Amino acid sequence: MAVNATHREPPEQTAYRGVRRVDYVPQLFNNQPARFYLMWMLLPAVLLLAAISLYPFVWLIYMSLHEVQLAPGKSDLWVGVDNFTRLFSDKNFARGWVTLFKYSALCLAVEITLGVLVAIILNNSRLEKLFITIFLMPMMMAPVVAGFLYMFLYNGTFGWYFWLLRSLGVLDGGTILGNKTWAMAAVVATDVWQWTPLIALITLAGLKRVPQEQLEANMVDGAGPLRNFFSVALPNLYPFLLIAILLRFMDNFRFIDTILIMTGGGPANATKILPTYLFDVSFKFFELGRGAAIAFTLLLLTILLGLFLTKMFEDPARKIKPGGEG
Amino acid sequence: MASREIVRYKSPARSAFSILVILFLIAFFVWTVLPLAIMLISSFKDLLDAFKLPEEGDWGGVGVMFDFEPTGAHYVELFTEKHFGLYMRNSLIASLGSAVVSVFLGSMAAYALSRAEFRGKKDLLFWIISTRMAPVVAVMVPLYVIFRSSGLVGTLPGLILAYTTFNLPFAIWILKGFFDNVPYAIEEAAQCDGANRWQALRMIMPLVAPGVAAFIVLCVLFGWNDFLFASIIGSGGAKTLPVATAELVQPVKIQWGSIMAAGVITTVPMMFLGFLIRRYMVTGLTMGAVRE
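These protein sequences, in sequence, are chains A and B. So the first sequence is numbered by the numbering used here: it starts at 1 and just counts up by one. So the second sequence is numbered by the numbering used here: it starts at 1001 and just counts up by one.
Only chain A is shown next, with the shape it has when bound in the complex:
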């Protein structure tokens, strides 16, 4: 087989930060037999993935148009778009979305603030290694375990955080998880505890990429550390923070384990974010048709987020290639 250095297309040239990069598409892998080979390597994974994601997706659409009967021997009833139209009048559905966004916004606001702060303080300090090791510990914990742990800490008779809040005089009567506002704060706090470290780690990785020359030039121009942060470091951090926000937001509705364990969506639906509601509809009331319709709307959001995220990987100005140097 001839190894050929000519390209099918003129190579794409990108100048980024003064580095000239030539994207090289080797002929080696792009002739007919090589492609045939590679396609065979690709096929098993794609087929399996189709079987466990595309096929269920078709089922999901089918289910959303039917009233699903779980009892054996009964066939599903065709209801058309009824499951969807019913969502419009479903108060819990709308409230689920609002709560989801409220919950995510609160989590993200606190996590980003704390994470960036911690990262800036730790960057290049002696404590960096120690803290990075500590950061890993909450992240490795199963969300269920985190949920139970915090439930234990918030407990109204023997919880240490309950005792702390009472002793500080912030919490008047009642329990933490029994009060609407406090329950929301409590589930947010759990998420913050578990995932602020990830934001800090991402920010630390980003801070290492801030060009030193820019910082120095700025300082020569007389900028102080604060000014330096806002006008040099932060703009360089944006892509990293955006990635962090997208990923955390995605996980906020991907995983509902902690909320399910701690409050189950209560009290009075105060923490019932949409996926929790979906869980109730599908696996408590077993109204799988309606559940499928809700799931469908959630998947639309996923696709939207996915579009954003893949843009992040592609945009050459941001140049965060998966696994690249970005």
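Keep in mind the hints are simulated off the structure, nothing from the lab. Note that the structure is predicted; figures quoted are calculated from it, not measured. Don't take every hint at face value.
As the list claims (entries may be wrong) - Some but not every residue of chain B turned toward chain A, in silico, with C-beta under 8 Å:
1. L1023
2. L1025
3. A1037
4. M1039
5. L1113
6. T1165
7. P1242
8. Q1250
9. M1260
Here a beta-carbon is modelled for each residue, glycine too, at the ideal position from N, C-alpha and C.
Add chain B to chain A, keeping to what the hints say.
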């Protein structure tokens, strides 16, 4: 930051600021570590000791936390009466099974996606990543119905397949990034020297092996920590550690000591694995978008 190289003069404002910074760091440290410490300590307390709290506002009474006779009874009970050994085995089989299947098929697909250019590649990649991003509950609704009709609910193969729905796209996506970083030149050189395709592929294996191993570990971690799939699809025959932990909650009395012990059992192996692959952690958790 560059500011390190600039001479700083001590001023009251500056030393006040650095004290604030140190206080903040201490607070963050305590906030992160305290729950873990309480979990560990409580798992060794018997029921009465675990419920001891100082009076409200009695700050000196915090020492009560350490005033107990350590007992391993909860751990013994979990493994003898509550069959946690079995659940641990289930967790291990399900998560490891899914991880191996995902990374094996995923690395082949990732290599192909990294090397080949074809029409629709972008769409294929988008489908793959959006599969990974789909909310677990939303995926579970149709999967439950399908698995029910094919008798996969409550079996370990069913659980392995369920975990593969998020592990396989993860493996493909992240390993593609990994293979993208391996220069074509190695394979080209090998083929120039007369190697065939497989031999050329073998040449780059040593380069990617550590990453592949690390992502197997990460896939194990995702599966091990999963609760939703395990509680619905694994319910019955394939109970995993998180589900078994959740079942310790009984309406009459919640066995907090056992739950904390179960938490420790579930968490400690994963923390250990986490430290092992620490270098790949951020890459893995950000889908390869951020590298350290």
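Quick rundown of the hints versus the structure:
1. About 11 Å separates the beta-carbon of L1023(B) from the nearest beta-carbon of chain A, more than 8 Å, and the hint is not met.
2. Interface restraint check: L1025(B) against chain A, minimum CB-CB distance 6 Å, threshold 8 Å, status holds.
3. For A1037(B), the interface hint is violated, since its Cβ never comes within 8 Å of a Cβ in chain A; the closest pair sits about 10 Å apart.
4. For the restraint placing M1039(B) at the interface with chain A, the shortest Cβ-Cβ distance is roughly 5 Å, inside the 8 Å limit, so the hint holds.
5. For L1113(B), the interface hint holds, since its Cβ comes within 8 Å of a Cβ in chain A; the closest pair sits about 7 Å apart.
6. A least Cβ separation of about 5 Å between T1165(B) and chain A falls short of the 8 Å threshold, and the interface hint therefore holds.
7. Here the hint on P1242(B) is kept, as its CB sits about 4 Å from the closest CB of chain A, short of 8 Å.
8. With 8 Å as the threshold, the beta carbon of Q1250(B) stays out of range of chain A, its nearest partner Cβ sitting at about 13 Å, so the hint is violated.
9. At its closest, the beta carbon of M1260(B) sits 7 Å from a beta carbon of chain A; the interface hint therefore holds under the 8 Å criterion.
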